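Q: Fit chain B to the supplied structure of chain A, relying on the hints for placement.
Protein chains: 2
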Amino acid sequence: MPTLTEMDQQIAARRQDFEAAIRSGVEIPTVSMDPDRRGDIRRGAEWAAGLLRDFGAEARIVETPGHPVVHGRLATPGAKRSLAIYNHLDVQPANEPEWRSDPFKLVVDGERYIGRGATDDKGPALTALFAAAMAREAGVPLDIHFFWEFEEEIGSPHFETFLQSAPRVDSVLVSDTIWISRGKPAAPLGLRGMQTVRLVLRTGTNDAHSGLTGGPARNPVAEMCDLVAALCDAHTGEVKIPGFYDEVRQTTAEEIEGFLASGFDPKEFQRVHGFRSLRYTEAADITRRIWALPTLEVHGIAGGYQGPGVKSVIPPWAEAKLSMRLVPDMTPQRALARLTSFVVAANPDVEIHAEAALEPYLAPSGGPYVAALERAMSEGFGAEPAFVREGGSIGAVVQMQRALGCPVMFLGLSLPEHGYHAPNEFFDWQMAAGGMKAFLAYFREVAAL
Amino acid sequence: MPTLTEMDQQIAARRQDFEAAIRSGVEIPTVSMDPDRRGDIRRGAEWAAGLLRDFGAEARIVETPGHPVVHGRLATPGAKRSLAIYNHLDVQPANEPEWRSDPFKLVVDGERYIGRGATDDKGPALTALFAAAMAREAGVPLDIHFFWEFEEEIGSPHFETFLQSAPRVDSVLVSDTIWISRGKPAAPLGLRGMQTVRLVLRTGTNDAHSGLTGGPARNPVAEMCDLVAALCDAHTGEVKIPGFYDEVRQTTAEEIEGFLASGFDPKEFQRVHGFRSLRYTEAADITRRIWALPTLEVHGIAGGYQGPGVKSVIPPWAEAKLSMRLVPDMTPQRALARLTSFVVAANPDVEIHAEAALEPYLAPSGGPYVAALERAMSEGFGAEPAFVREGGSIGAVVQMQRALGCPVMFLGLSLPEHGYHAPNEFFDWQMAAGGMKAFLAYFREVAAL
Numbered sequence: 001m002p003t004l005t006e007m008d009q010q011i012a013a014r015r016q017d018f019e020a021a022i023r024s025g026v027e028i029p030t031v032s033m034d035p036d037r038r039g040d041i042r043r044g045a046e047w048a049a050g051l052l053r054d055f056g057a058e059a060r061i062v063e064t065p066g067h068p069v070v071h072g073r074l075a076t077p078g079a080k081r082s083l084a085i086y087n088h089l090d091v092q093p094a095n096e097p098e099w100r101s102d103p104f105k106l107v108v109d110g111e112r113y114i115g116r117g118a119t120d121d122k123g124p125a126l127t128a129l130f131a132a133a134m135a136r137e138a139g140v141p142l143d144i145h146f147f148w149e150f151e152e153e154i155g156s157p158h159f160e161t162f163l164q165s166a167p168r169v170d171s172v173l174v175s176d177t178i179w180i181s182r183g184k185p186a187a188p189l190g191l192r193g194m195q196t197v198r199l200v201l202r203t204g205t206n207d208a209h210s211g212l213t214g215g216p217a218r219n220p221v222a223e224m225c226d227l228v229a230a231l232c233d234a235h236t237g238e239v240k241i242p243g244f245y246d247e248v249r250q251t252t253a254e255e256i257e258g259f260l261a262s263g264f265d266p267k268e269f270q271r272v273h274g275f276r277s278l279r280y281t282e283a284a285d286i287t288r289r290i291w292a293l294p295t296l297e298v299h300g301i302a303g304g305y306q307g308p309g310v311k312s313v314i315p316p317w318a319e320a321k322l323s324m325r326l327v328p329d330m331t332p333q334r335a336l337a338r339l340t341s342f343v344v345a346a347n348p349d350v351e352i353h354a355e356a357a358l359e360p361y362l363a364p365s366g367g368p369y370v371a372a373l374e375r376a377m378s379e380g381f382g383a384e385p386a387f388v389r390e391g392g393s394i395g396a397v398v399q400m401q402r403a404l405g406c407p408v409m410f411l412g413l414s415l416p417e418h419g420y421h422a423p424n425e426f427f428d429w430q431m432a433a434g435g436m437k438a439f440l441a442y443f444r445e446v447a448a449l
Numbered sequence: 001m002p003t004l005t006e007m008d009q010q011i012a013a014r015r016q017d018f019e020a021a022i023r024s025g026v027e028i029p030t031v032s033m034d035p036d037r038r039g040d041i042r043r044g045a046e047w048a049a050g051l052l053r054d055f056g057a058e059a060r061i062v063e064t065p066g067h068p069v070v071h072g073r074l075a076t077p078g079a080k081r082s083l084a085i086y087n088h089l090d091v092q093p094a095n096e097p098e099w100r101s102d103p104f105k106l107v108v109d110g111e112r113y114i115g116r117g118a119t120d121d122k123g124p125a126l127t128a129l130f131a132a133a134m135a136r137e138a139g140v141p142l143d144i145h146f147f148w149e150f151e152e153e154i155g156s157p158h159f160e161t162f163l164q165s166a167p168r169v170d171s172v173l174v175s176d177t178i179w180i181s182r183g184k185p186a187a188p189l190g191l192r193g194m195q196t197v198r199l200v201l202r203t204g205t206n207d208a209h210s211g212l213t214g215g216p217a218r219n220p221v222a223e224m225c226d227l228v229a230a231l232c233d234a235h236t237g238e239v240k241i242p243g244f245y246d247e248v249r250q251t252t253a254e255e256i257e258g259f260l261a262s263g264f265d266p267k268e269f270q271r272v273h274g275f276r277s278l279r280y281t282e283a284a285d286i287t288r289r290i291w292a293l294p295t296l297e298v299h300g301i302a303g304g305y306q307g308p309g310v311k312s313v314i315p316p317w318a319e320a321k322l323s324m325r326l327v328p329d330m331t332p333q334r335a336l337a338r339l340t341s342f343v344v345a346a347n348p349d350v351e352i353h354a355e356a357a358l359e360p361y362l363a364p365s366g367g368p369y370v371a372a373l374e375r376a377m378s379e380g381f382g383a384e385p386a387f388v389r390e391g392g393s394i395g396a397v398v399q400m401q402r403a404l405g406c407p408v409m410f411l412g413l414s415l416p417e418h419g420y421h422a423p424n425e426f427f428d429w430q431m432a433a434g435g436m437k438a439f440l441a442y443f444r445e446v447a448a449l
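Protein chains in written order, with my numbering: chain A, 1 to 449; chain B, 1 to 449.
None of these hints come from the bench; they were simulated from the model. The reader is advised that the hints may include incorrect statements.
The list makes no distinction among identical chains, and a pair is therefore deemed to hold if it is satisfied within one copy or across any two copies.
The calculated lysine to aspartate or glutamate pairs, modelled on DMTMM-like cross-linking and capped at a C-alpha distance of 25 angstroms, are [as the list claims (entries may be wrong)]: (1) Lys240 / Glu19; (2) Lys240 / Asp349; (3) Lys184 / Glu374; (4) Lys311 / Asp36; (5) Lys184 / Glu257; (6) Lys105 / Glu19; (7) Lys184 / Asp8; (8) Lys311 / Glu160; (9) Lys311 / Glu153; (10) Lys311 / Asp34; (11) Lys311 / Glu98; (12) Lys311 / Glu282; (13) Lys267 / Asp349; (14) Lys267 / Asp207; (15) Lys105 / Glu63; (16) Lys267 / Glu238; (17) Lys267 / Glu63; (18) Lys240 / Asp329; (19) Lys267 / Asp36; (20) Lys80 / Asp8; (21) Lys311 / Glu238; (22) Lys267 / Glu282; (23) Lys80 / Asp17; (24) Lys184 / Glu96.
Bear in mind that the values here come from a model prediction, so they are computed numbers and not experimental data.
With the rest of the complex left out, here is chain A (with noise of 0.2 angstroms):
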């Protein structure tokens, strides 16, 4: 292995190599959501599956009933562990007003690499390879594998496609995540699941004059409204379902402690998000209730008239759109029982529709390879990481956990402030260069597990 002191120079010495390939990966607009951008993402994979040829990797096209996935293979003679990075090279759309330059036109500028994609999540899959390609040059004996996902920012509908035909590997590192503040290298342990449900509430056939009915004719949204009130807590957020909270592990000082490490900053997460206020003022509160406890929103109600002014009409229905964020130990079958039987003792009438489910994940909250991450962030970073948690779902964490049987982990380079899903999107050599060092560490440590 390099010294510490070689491998910076090995980094700094690929610099060119790396805003080259960042700017050949940011100029395809890979738009997964836009049907028009269809021949983009095709040109992308081909970039990508070139790009890993390059690095002397093995590369295929996997097609799926949607946008293909890329699968590339960097193997060292001799290696006896497997390991597969998990990233996604399709991007969010651009066209907010506030793009200062061509979102699909790299901009450096210093450090930064400006343009969508760029840290969500081409810079880190780029980072990803190149330091695999290092670790290789080193004789790090690890098989690593490459899966990169064109559908990410659509939910992975296919994704499951691929994993029947991916190699079994040991485990999976995905790097697509963000950490909480610049200073402290963050990483996620486990991730909410979800469900949704629509619960949709007739009582007639058509709008009624209110003037001529309003008194003894049932108004759905009304109905509609005294529900979700009775679900939910609106000031507090506590979900009033009877059993809602029953699997829900009790967070350990342990882990409340590595929540508040992270760098949590309540007036910057308000701030971000553009919140006038919040139901909670306290990091260990906020963070609590984020990452390791389950929430019931609803997202809309529909039915009622939406237009300007008010139409003074009973709606004949109601539909409110509801999620359940799901914490480890909940199961969206669980959550979606006990909320069915609150809606049906509480308003026969309500129609019950599930939608989507994705289960909660938590990775092994210690063990070889959270020691391993421990020590690869440190060596990276030259700062011990703090583990979170991360409060959204990401559909292909769960694909792979079942597919492949094997621990996911992550190791996210993004910081808040390069703007994901933001105008002026942008990575920086900075977390590059740590990123290297940091998967070369992980590498090496893996590879001797």
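A: What follows is chain B alone, placed relative to chain A:
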């Protein structure tokens, strides 16, 4: 005065003329809410003025900033008493696919006159005009004015402009209401008023990701549901704002008797409006709640996700569209003040935007005009009228009461099956003939006051 038999003969002799008049009226598509029909409204006003002149009346087209009002006058020499008859000659759109014939071509099917506006309100307007002409022939000493509006279906926004130059009269008779059932004449003695309100809550600047923020983030739709649930019991309709019912008059036994005598049938009410079920099942409860009690209804909550499926955003704002229907002795100002206090205490971040305010109206429940109406309807239809209320609000009524300072009474000729605002709307000769007799009798009665 002619005998009843002579009157029947005179009316029968006018049936062809009436058919010709309603045909020419219906075939001008005076849809006031369609800007492309401005020319048709103009044609309608000219047709109406011409028709008045054909009947020997004076007529003028009074301009307003919107559509005009046609003012007619048929004075009998020696008249000491004056009466204005209010009708409107604009109509609802007729785009419903259920129309079995061209809505703007009159179809005569036996006694039925089918076409948009036949019963709302051209048929009743012509019935009154025919009766007025007969009254003059019979020498009834009454100065009869016609106020024919062309903006009733869009809320009478410019009728007050007309009223500034309108003649002072002893009373007004509005002919634009619906009986409860064919067998039983009904006349409302009151209208509900209305205060519409938008409640707006902003908790953020943009949609937030419910995975990244759900839990500590405020949810404005949930808070709005909570507020709506606190304002009114969705299942009983009871308004929970302190003091809301303070000014509501106790309904008298006589009034309830009138309501029940109207032939109100809960099953028919439910069927006609397409309701699956009702909050109340007894006719006394239902009629009292439509006609004599105030309401608070939510007509919609805007702001959350409204599309197909579930998009799991935390929306940045929510807006509830509410109305309070008000009964006599309540005022929009007081109702709004009480709502405001309640909302400010419940959720101080909610902005309150008052929209339309319409005063409730209550006609004298006894006295000479009620007695005249009772005798007139008995003579016209062979049965005493039930005195009910109207649950809706007619803007022009309170405007006339205020501008002219005289009683406003109601003699409507429409039936539930005529299909107000519905496809295949019709009027019928039986109601026209009975209506002419009733109007004639009413003119005779009020001329003698």
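Q: Are the CA atoms of Lys105 and Glu19 at most 25 angstroms apart within a copy, between copies, both, or neither?
A: For Lys105 and Glu19, the Cα distance is within 25 angstroms only inside one copy (12 angstroms; across copies 74 angstroms).
Q: If the cut is 25 angstroms between Cα atoms, do Lys311 and Glu160 qualify within a copy, between copies, both or neither?
A: Between copies only: 22 angstroms across chains, 47 angstroms inside a chain, cut-off 25 angstroms.
Q: At most 25 angstroms between alpha carbons: which applies to Lys184 and Glu96, within, between, both or neither?
A: neither (30 angstroms within a copy, 64 angstroms between copies)
Q: Within a copy, between copies, both or neither: which one fits Lys240 and Asp329 at a CA-CA cutoff of 25 angstroms?
A: within (19 angstroms within a copy, 41 angstroms between copies)
Q: Have a look at Lys311 and Glu238 and pick one of within, between, both or neither, based on CA distance no larger than 25 angstroms.
A: Answer is between; shortest inter-copy Cα gap is 21 angstroms, intra-copy 33 angstroms.
Q: Given a CA cutoff of 25 angstroms, do Lys311 and Glu98 count as a within-copy pair, a between-copy pair, both, or neither?
A: between (35 angstroms within a copy, 23 angstroms between copies)
Q: 25 angstroms Cα cut-off: does Lys240 pair with Glu19 within a copy, between copies, both or neither?
A: neither (52 angstroms within a copy, 65 angstroms between copies)
Q: State whether the alpha carbon distance between Lys267 and Glu282 is at most 25 angstroms within one copy, between copies, both, or neither.
A: Classified as within: same-chain Cα gap 10 angstroms, cross-chain 57 angstroms, threshold 25 angstroms.
Q: Which holds for Lys184 with Glu257 at a C-alpha limit of 25 angstroms: within a copy, between copies, both or neither?
A: Answer is within; shortest intra-copy Cα gap is 14 angstroms, inter-copy 78 angstroms.
Q: At most 25 angstroms between alpha carbons: which applies to Lys311 and Asp36, within, between, both or neither?
A: Between. Shortest inter-copy distance 22 angstroms satisfies the 25 angstroms Cα cut-off; intra-copy 38 angstroms does not.
Q: Using 25 angstroms as the alpha-carbon threshold, which applies to Lys105 and Glu63: within, between, both, or neither?
A: Neither. Shortest intra-copy (28 angstroms) and inter-copy (61 angstroms) distances fail the 25 angstroms Cα cut-off.
Q: Can you give me the call for Lys311 and Glu282, within, between, both or neither, at a CA distance of at most 25 angstroms?
A: Classified as neither; 42 angstroms inside a copy, 28 angstroms across copies.
Violated hints, listed in ascending order, are 1, 12, 15, 17, 19, 20, 23, 24; each of the other numbered hints is respected by the structure.
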